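2 protein chains.
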Amino acid sequence: MKTILTRRTIRKYSTQDVEPALLDRLLTEAARTQTMGNLQLYSVVVTRSAEGKVALAPAHFNQPMVTQAPVVLTVCADFRRTTTWAECRQATPGYDNLLSFMNAATDALLFTQTFCNLAEEEGLGLCYLGTTLYMPQAIIEVLQLPQLVFPVATLTVGWPAEEPALTDRLPLESFVHSEHYHDPTAADIDRFYAVKEALPENQEFVRINQKETLAQVFTDIRYTKKDNELMSQGFWKALRKQGFTTNG
Amino acid sequence: MKTILTRRTIRKYSTQDVEPALLDRLLTEAARTQTMGNLQLYSVVVTRSAEGKVALAPAHFNQPMVTQAPVVLTVCADFRRTTTWAECRQATPGYDNLLSFMNAATDALLFTQTFCNLAEEEGLGLCYLGTTLYMPQAIIEVLQLPQLVFPVATLTVGWPAEEPALTDRLPLESFVHSEHYHDPTAADIDRFYAVKEALPENQEFVRINQKETLAQVFTDIRYTKKDNELMSQGFWKALRKQGFTTNG
Chain A
2 MKTILTRRTI
12 RKYSTQDVEP
22 ALLDRLLTEA
32 ARTQTMGNLQ
42 LYSVVVTRSA
52 EGKVALAPAH
62 FNQPMVTQAP
72 VVLTVCADFR
82 RTTTWAECRQ
92 ATPGYDNLLS
102 FMNAATDALL
112 FTQTFCNLAE
122 EEGLGLCYLG
132 TTLYMPQAII
142 EVLQLPQLVF
152 PVATLTVGWP
162 AEEPALTDRL
172 PLESFVHSEH
182 YHDPTAADID
192 RFYAVKEALP
202 ENQEFVRINQ
212 KETLAQVFTD
222 IRYTKKDNEL
232 MSQGFWKALR
242 KQGFTTNG
Chain B
2 MKTILTRRTI
12 RKYSTQDVEP
22 ALLDRLLTEA
32 ARTQTMGNLQ
42 LYSVVVTRSA
52 EGKVALAPAH
62 FNQPMVTQAP
72 VVLTVCADFR
82 RTTTWAECRQ
92 ATPGYDNLLS
102 FMNAATDALL
112 FTQTFCNLAE
122 EEGLGLCYLG
132 TTLYMPQAII
142 EVLQLPQLVF
152 PVATLTVGWP
162 AEEPALTDRL
172 PLESFVHSEH
182 YHDPTAADID
192 RFYAVKEALP
202 ENQEFVRINQ
212 KETLAQVFTD
222 IRYTKKDNEL
232 MSQGFWKALR
242 KQGFTTNG
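From first to last, the protein sequence lines are chains A and B.
Going by the working numbering, the first sequence opens with residue 2, and the numbers climb by one from there.
Going by the working numbering, the second sequence opens with residue 2, and the numbers climb by one from there.
If we strip away everything but chain A, and leave its shape as in the complex, we get (with noise of 0.2 Å):
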């Protein structure tokens, strides 16, 4: 794994398309990862069809990406092919609760990030769309998502046709704690974010967004309370939609 210390997250790809038998190597090889029981409790949905990106599109707030990748991948939570497993072979599955579905979420999540490591180590370019939870609904509807399925990762794939800057990342004594959780203090929080706030890209971020602070652009505009506590609610509905609540 050479290329995780270079690795950046690619939004432009070239018109070459991404060879079938390629994916499918690399989604075989993603399914070694460690899995619940060997139960592999995940899905992807494939979309390579004009359509089928375009109807995606508006989930994921029209990025652009989602229409001009060659291959938009949909992982998936799914209790549902062992809950049919289950009732074809005289079992009485118990799938329908939150449990489960964090469960699932994990299996879908580890894959996911298997197969990011193998498609970055073989030349692919890859964004990874977390909008994916912010309107899960709307996903389940264009990719036909049953009960016990549930959307949790989307990836846009494709050969790069960019090289962005490397982005920055906190230092490790900020997120890795020995033996208990040590709660950061104001010194450690100056510390730790000296670097970012101190990036020209970040200073130049505040002021074309008119804020004081680095931290009140996410608050004030990213990642907003309003916007986290409705897009909550759709997800919680989803939920109960997709019968993961149904059973505690």
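Don't read these hints as lab results, they were simulated from the structure.
Please read these numbers as outputs of a predicted model, since none were measured by experiment.
Incorrect hints may have been included.
Because identical chains share one entry, a pair is satisfied inside a single copy or across any pair of copies.
Claimed, not checked - No more than 27 Å apart at the CA atoms, straight line, and that leaves these computed lysine-lysine pairs for BS3-like: (1) K13 <-> K54; (2) K227 <-> K197; (3) K212 <-> K242; (4) K238 <-> K13; (5) K238 <-> K54; (6) K197 <-> K226; (7) K238 <-> K212; (8) K226 <-> K13; (9) K197 <-> K238; (10) K13 <-> K197; (11) K226 <-> K238; (12) K197 <-> K3; (13) K227 <-> K212; (14) K242 <-> K13; (15) K212 <-> K197; (16) K226 <-> K3; (17) K242 <-> K226; (18) K197 <-> K242; (19) K197 <-> K54.
Fit chain B to the known structure of chain A by using the hints.
Coordinates of chain B only, in the frame set by chain A:
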């Protein structure tokens, strides 16, 4: 990532330590993983002390890896550090809701899986403990996790002292769908699960558990409706207690 095709979960470790410098390097590299708004919504608690491992073990049903591995990592969804940063910077955070929990859990799980892939490439052996989600409150107490921090993954880490057989996986067609979800029919299920159900170890598993089908081993013994519903309640309660459902 040559090791992906031969990776197996490792539950027995040699007495050799995992050098702190090596662990720090792998955690630093794993942090190159994409993260929401580059906020890095995770933290890792590293348990190396014997007392710490003994304290964590009951939360993981006393699986022996927890006390035998040189290192136990608990990866947490963490909106605490970001919230404290905002509060120190005249910004109003709004991350005490389910959507924010899911965003942070996603960040934490993607980071965890890149760490797994890097550590396995390095020759380390890992066991991913799904039990983390079963009794989160016990882990929260042992690791002194404050509000807006929630454990989502545990890894036991060491140098392998065993080489178990590779486990089976379902065929690609069982979990990859083209353009939209294709709900499996009974005939599909037969085809998808044929190899798994025919494996001698799985047939033995059915026999010793005195069940009729492999699916019944899962629904009646390993992951029962009753246990799932009970643990869902504990999960809900811990999520509320950590402040992740206060507003939405």
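Find the hints from earlier in the document that the structure breaks and name them by number, from lowest to highest. 3, 4, 7, 8, 9, 14, 16, 18, 19
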